[in-house]
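Number of protein chains: 4
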Amino acid sequence: MSFQNPVFIPGPTNMPEAVRQACYMPTIDHRSPTFGKILHPCLDGVRKVLKSDSAKIFIFPSTGTGGWETALSNSLNSGDKVLAARNGMFSHRWIDMCQRHGLNVTVVETPWGQGLPADKYEAILTADTNHEIKVVLATHNETATGVKSDIAAVRRALDAAGHPALLFVDGVSSIASMDFRFDEWGVDIAVTGSQKGFMLPAGLAILGFSDKAVATSRTATLPRTFFDIADMQKGYDANAFPYTPPVGLMNGLKLSLDMLLDEGLENVIARHHRIAEGVRIAVAAWGLELCAASPDLYSDTVSAIRTPEGFNATDIVTHAANTYDVAFGVGLGEVAGKVFRIGHLGSLTDVMMLSGLATAEMCMVDLGLDIKLGSGVAAAQEYYRTNPATAIKIAA
Amino acid sequence: MSFQNPVFIPGPTNMPEAVRQACYMPTIDHRSPTFGKILHPCLDGVRKVLKSDSAKIFIFPSTGTGGWETALSNSLNSGDKVLAARNGMFSHRWIDMCQRHGLNVTVVETPWGQGLPADKYEAILTADTNHEIKVVLATHNETATGVKSDIAAVRRALDAAGHPALLFVDGVSSIASMDFRFDEWGVDIAVTGSQKGFMLPAGLAILGFSDKAVATSRTATLPRTFFDIADMQKGYDANAFPYTPPVGLMNGLKLSLDMLLDEGLENVIARHHRIAEGVRIAVAAWGLELCAASPDLYSDTVSAIRTPEGFNATDIVTHAANTYDVAFGVGLGEVAGKVFRIGHLGSLTDVMMLSGLATAEMCMVDLGLDIKLGSGVAAAQEYYRTNPATAIKIAA
Amino acid sequence: MSFQNPVFIPGPTNMPEAVRQACYMPTIDHRSPTFGKILHPCLDGVRKVLKSDSAKIFIFPSTGTGGWETALSNSLNSGDKVLAARNGMFSHRWIDMCQRHGLNVTVVETPWGQGLPADKYEAILTADTNHEIKVVLATHNETATGVKSDIAAVRRALDAAGHPALLFVDGVSSIASMDFRFDEWGVDIAVTGSQKGFMLPAGLAILGFSDKAVATSRTATLPRTFFDIADMQKGYDANAFPYTPPVGLMNGLKLSLDMLLDEGLENVIARHHRIAEGVRIAVAAWGLELCAASPDLYSDTVSAIRTPEGFNATDIVTHAANTYDVAFGVGLGEVAGKVFRIGHLGSLTDVMMLSGLATAEMCMVDLGLDIKLGSGVAAAQEYYRTNPATAIKIAA
Amino acid sequence: MSFQNPVFIPGPTNMPEAVRQACYMPTIDHRSPTFGKILHPCLDGVRKVLKSDSAKIFIFPSTGTGGWETALSNSLNSGDKVLAARNGMFSHRWIDMCQRHGLNVTVVETPWGQGLPADKYEAILTADTNHEIKVVLATHNETATGVKSDIAAVRRALDAAGHPALLFVDGVSSIASMDFRFDEWGVDIAVTGSQKGFMLPAGLAILGFSDKAVATSRTATLPRTFFDIADMQKGYDANAFPYTPPVGLMNGLKLSLDMLLDEGLENVIARHHRIAEGVRIAVAAWGLELCAASPDLYSDTVSAIRTPEGFNATDIVTHAANTYDVAFGVGLGEVAGKVFRIGHLGSLTDVMMLSGLATAEMCMVDLGLDIKLGSGVAAAQEYYRTNPATAIKIAA
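Protein chains in written order, with the numbering used here: chain A, 12 to 407; chain B, 12 to 407; chain C, 12 to 407; chain D, 12 to 407.
For reference, chain A alone in the conformation it holds in the complex (with noise of 0.2 Å):
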């Protein structure tokens, strides 16, 4: 644990200083008033980074799977139909945690690579014409395989088809890091997490929900007590948590909201678009190409890069920490071996991003791979420099 070099995982990102610092805060009383002015300005800032005027908010101790089990549990009823698409490992653990609850899921098998098919929702919507399909869920961005969805699109969709489904967005790699709309798309629930855009470590699930959502919530009977919304929103109202809260990380999370919102959502989506650019520049210049099938699918937030065929691509990933102490990410599922990932989210200037395009390079030329060293690097400098970042640093 030397904690020399950035890493490039695809989550839990680097970390600013000041939002350690600020995580790394000595007990206080989480039942007195104190606690309050650190609630109530996290829970108007979640809801300003998710471009929302009246989504309730509600953080729970626990992680991104657990904001999707907290989704399922506040608004279903065991065999309630729900509409998925699997293109992904994430997507896939959604739907396998559905119908480990009981769920009747109808499964949109979609190449790894692609994104979100709206149209297949369509389709299946306007099928449904006893809106047996109680929720449509939707991955915004597919933390395995670096694909974007369009999820206005799905929106479209579903008022297309006329349905009253709900809309379920699990925005755990894409929220404060990449557009994100609440109340454009109609989103009901959106799901993320503290150690993603947020910058934080991982241990919050962090949900918005609609005024459906919620009242939707009041009869689902799907068992719940830990993640019950209610539960939750009473202690809220207390400034309180119904259980005892994680005092540190939400200080944490609300100096990070705090920058997030200085700096400005359109120029932290800015920010992590160059950055991103920086890096899939290099993949190309190093002749390789992404997992995502299309420029329009390209997640800014991680690149799952396709290695040669009959290469193990999770050999570059063991490499890079054994030989160079830098992370990167493996590939998961079905391109488990095909693909790494390089994360490019967080707190991650062009400067570091720089350093792991190198260390890429001289993984992939020390594993045997026909790549010239400095060829990515210096395409991305390039970009970068004529590119000029108008706010590429976050304050600290």
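Take these hints with a grain of salt, some might be off.
No copy is singled out in the list; a pair is fine if it fits within one copy or between any two copies.
List of simulated lysine-lysine pairs, DSS-like, C-alpha gap at most 27 Å [to be verified]: (1) LYS145 with LYS265; (2) LYS131 with LYS59; (3) LYS265 with LYS48; (4) LYS245 with LYS349; (5) LYS92 with LYS383.
Please keep in mind that the hints were generated in silico from the structure rather than gathered at the bench.
Add chains B, C and D to chain A, keeping to what the hints say.
Same frame as chain A, but now just chains B, C and D:
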């Protein structure tokens, strides 16, 4: 948030500087072998603290409440029968959770201030000749009333009845502070959290499962994913979690375990007892009584102190916060307004405790109670100085 | 090093969490403009704390002792005459430094426990018709005896004698804690350090120079480079130091100054006075006496407490450290073994102070002194609760 | 102050997390035995780093400049003769300090970019038949020019001349990074600071004295108090300082020494050499030259890189700070505007260094220099990957 005075709440506790620093850790790759070097010592250390040779340990990014839910959802089926006693707010909440998860709870109503009625448990279990009761719940230390119960007696009740029900123990505010014997007492699931005896921030649910409990989990049908121990075990076997683990908190837990085990569990227990005795002697000097009905029930982690009729005990807590920037605990539920609580667990010295007692005295006098300033302090001083600590200091 | 209990030494003080975090800063380029944004607010803030409109402020990576040497070496020539009174260990050491630097010191021997004899200063200065005395030294607060001297009276002595000597004041243990008026008292050089009222670690010598002192420095010939104020000023003018500056400590000083000035200097002074009064009332309740001869001399930052004849006061300090892990100060020089000292400056609340008093009581009883446990605590409690703080808390 | 990118200045260096945390220590009583447990390991560890069996080690709350003054003022008398060579800004400053302290310096003017002229030293010493020269100054590593000098050759010059002068070595930017041999080279006083190879914040002057230097100090008459080694030694003998010590910084030094000695000094040296070689190979790939005149002079802690005629090298440093938030060093004195400097010492990996090289390339291209993006990076990558580190990582 001046952080100058210690807190005297029954958790989260004051944190040792070194533990806080260990939590405050830069990002590492949680899929790298480095994480295994944090994870496995945590599992091994918790097992030792539970005084178990073979318990399977599970740690979730959650709280004690999530730990309760883990226990229930991994062992029970909807409609299953559970036996529990209600003698305070926390036993009440676990019963409430059972009911919300569709369990059929036989509740033994017990006066707040009393311990768990092992005799009544035995009668009910003996009468349950069909062994329909699947689980017996036992709150080892009622944080609301400062009452410790006799878990060995509950085990004897089960044994005397020849009953195969599983024994689940809430040790949230006892484990790592008071005597706890997983193996000897035949505990099947023990539940605790990070923010009490482990002296960490809230954010971890920590559980031990007996082999029998693990076996039962294989057929339990209450829905669960986030809290599923099979997924978690599969993760551990690969040095990982099934989702992003709370790395910093676990790094803190690793250090906290080292500190506790280096000090020696018996010394840890003696240290808590010594601090608690000083508090109780001060309470007696004030002419006040504890909520706990008799000395065998006195908790060594929290004292709930009854104030005179007609006096709102909560005023002490509010006044202490507003006037002296000191945190005590309010009374909850049935004893709201009737007691205030002094937490005396975790990283706390006699010297720190004396400042808490001195503050309580000032508050009581300020609010018109007939207390002599310095009386409780003097009594505690005499106890502390004539009962020297062999291990009063937590090494940092 | 458990860091659990507060320290009660006359500096370094307990540190506010936020100040400590500000010191704990990653490396920046100290030659970049960023450093100027730390440096200049420090200079401006110190000037305000000195209550000066025009003093030139100098900060060296050193200690108060280095500050003394800075004062002497930037203003004097070998053989120059200096007037000083010796009434404690710290005034003694400054005199000793003068002698080692070849200065000719007229020493007014003054009983330890007395303040500076302004009348004798006046007589000597009046007799010095040739104005051979170049500098008058005045220790504002004798940390060894807990004696505060009347600097305004020393200024009046100079003025009454019509003497042009420079007035140098050691304010190490008074500035930022007790009333100090650079301009009003006509101070020419004030010396302090980081580890007292500024609540920082040791490591900074902090000085204010009057225009007259700066002018004198131009011709002073005592050798100096590290402590040369002309080099330092040239550095400041370029946002720099003449060598590598202690960036983190200065970042902490910047925050400390913000906190002190936000609280208001009069509130800071009142806060220290209130805490000190509680200590003195406890001492009286113990039946003991202060080293300081009369109330007008009582220091609000440190109390030196005389113990009975035949008792070694240092034993209290040793016993407190060994038995209770609490730090008090020993007696120094003439009063070694005769007094022990309680520091009550910096980040310290009434609640913390009560734990110090309770500890002192236990120690004294443990060591056989005829002290009633709780007696001093009760007296201080009564004072603190009936003299509520308007600003007892340091915001963090 | 985003603290995201590493710094590439020749000190203060990037700091290991654990060292930073060790510095960030709550207040302890510096007069307690606890301080001795920090102090003595520091003294012992520094001695080992100096490769000395018997040097007396002194640590002052100061900087390298204060260390120079300590060396001079503890060994010389006004008017004493000193021999020194001026081959850069730091050797110049030490000479200047000598002159300001009334010493008579024979200065051997040496081109900036050249090492110390041992042959000229020998000639001068041989001619000094009366042994009027009391001290020979030698700057081991000229931080301004990136030039390492041959201290063993200086020692041979002294020996060849049969001259008894003391040998004082400025090792501020070499000790703990480059090969340094106090005993073997017959060094009498070695001077360094905390913020270079020790990877700490600035704030400590660290010196080693030979027995001969200690003996000389007893009769040296230059005035000194703060920097007096006899006072300091007396303090050490009582586990103390003669004034308030910088406890946190020394706690950090203790850890830093443990890390360096655990790694092994030869590994530390090899690690610095490897990082430096990568930089030099990149510089060659850019078609630029170092200020250091020949390979035997190349410093392993800092490289001063000459830019083409007519180009202001300082622009690179300003542009890097403003555009990329990266810190390099400017040219100083004679080489101001002609060189920019890359610091490559302390806590720095190959991966971090590559980001510095990539940034330098972007800056040079942005400013119109004829540099190929990626060219230096590629050269360094090839070097780093084919010269694997046996110990590239600093354990934390």
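Hint by hint, here is what the structure shows:
{"no.": "1", "hint": "LYS145 with LYS265", "in the structure": "neither (34 Å within a copy, 44 Å between copies)"}
{"no.": "2", "hint": "LYS131 with LYS59", "in the structure": "neither (32 Å within a copy, 54 Å between copies)"}
{"no.": "3", "hint": "LYS265 with LYS48", "in the structure": "both (9 Å within a copy, 25 Å between copies)"}
{"no.": "4", "hint": "LYS245 with LYS349", "in the structure": "between (48 Å within a copy, 23 Å between copies)"}
{"no.": "5", "hint": "LYS92 with LYS383", "in the structure": "neither (51 Å within a copy, 59 Å between copies)"}
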